[in-house]
Amino acid sequence: MKLDCKHVWKHISEYIDNTVDAKLLEEIELHLEHCEICAAILDSTRNILILTADDRTFELPVGYSERLHKRLAKELERS
Amino acid sequence: MVYLTLFSIVKNETEAEDAAQETVINAYRHLASFRGEAKFSTWLTTIAINEGRKKLRKSKGASEDSIEEQAESHEGDYTPAPLTDWREIPLEALERKELREALRIAVAELPDIYRQVFTLRDLEELNIEETAQALGINPGAVKVRLHRARMMLQKRLVPFLKTTAPARKGFFGRAL
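Protein chains in written order, with our numbering: chain B, 1 to 79; chain S, 1 to 176.
Errors might be hidden in some of the hints.
[Claimed, not checked] Only pairs whose alpha carbons sit at most 20 Å apart, straight line, appear in this in silico EDC-like list of lysine to aspartate or glutamate:
{"id": "1", "chain 1": "S", "residue 1": "143", "chain 2": "B", "residue 2": "21"}
{"id": "2", "chain 1": "S", "residue 1": "155", "chain 2": "B", "residue 2": "36"}
{"id": "3", "chain 1": "S", "residue 1": "97", "chain 2": "B", "residue 2": "55"}
{"id": "4", "chain 1": "S", "residue 1": "97", "chain 2": "B", "residue 2": "54"}
{"id": "5", "chain 1": "S", "residue 1": "60", "chain 2": "S", "residue 2": "13"}
{"id": "6", "chain 1": "S", "residue 1": "155", "chain 2": "B", "residue 2": "14"}
{"id": "7", "chain 1": "S", "residue 1": "58", "chain 2": "S", "residue 2": "112"}
{"id": "8", "chain 1": "S", "residue 1": "11", "chain 2": "B", "residue 2": "55"}
{"id": "9", "chain 1": "S", "residue 1": "39", "chain 2": "S", "residue 2": "129"}
[Unchecked claim] Computed Cβ-Cβ distance ranges for the label pairs, DEER-style:
{"id": "10", "chain 1": "B", "residue 1": "22", "chain 2": "S", "residue 2": "139", "range": "19 to 27 Å"}
{"id": "11", "chain 1": "B", "residue 1": "67", "chain 2": "S", "residue 2": "105", "range": "21 to 29 Å"}
{"id": "12", "chain 1": "S", "residue 1": "58", "chain 2": "B", "residue 2": "79", "range": "20 to 28 Å"}
In case anyone wonders, no lab produced these hints; they're calculated from the structure. Heads up, the beta-carbon is just placed ideally off N, CA and C, and yes, glycines get one too.
Construct all of the structure, not just a fragment, from the sequences and the given hints.
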């Protein structure tokens, strides 16, 4: 069976997570070889995940660790 | 990791930091109740989620039910943006500060149920089972919400890149 683009989009997330079954995986890969649009969607989604995992994207506030340690020390003193 | 999970719930830096401190203190106090049935990180995340929800109730004065779960909508457009431009964006484009800022805003603006799943899976790197356990939902719901969150972010960020990326050829590998 030949997959259409919408079918591929539906499974993009599972494809990225490598949780699609072998048969579907093969069909998706075959589709991606010939469809630039779906390949671009896949790449862009993966790029978002790469950016998300980049430590510079979601940073802790300045002084976070110091304040946490101070609060912990205070709690330990009290208990 | 506790802070980012909490920020995804309370959406306020000060409240998230305060709740993160409470989480660590609570975890320390209840360490004896951790029996290794779940991974330590999942256990800690569950405490953090409870602290976050407690904060929300306090600040909004809302009942637990009203903030617990939003209805899962079967409607809505969860298809990606079908553009080819991104493939031509060079790797250095991903280094831009504005892009990271755009992603932060896009994640913050996701509906709560999607943002929480996205944060635990793609930011905190919990697996499907751990995410389901921490949020008290089933693994199927995690998969659906994660897919929708990723598609919403893709759709939101592609136009941003289209207007700001330099128009020259490049490549970006498929390996994650």
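Non-conforming hints, listed in increasing numerical order: none
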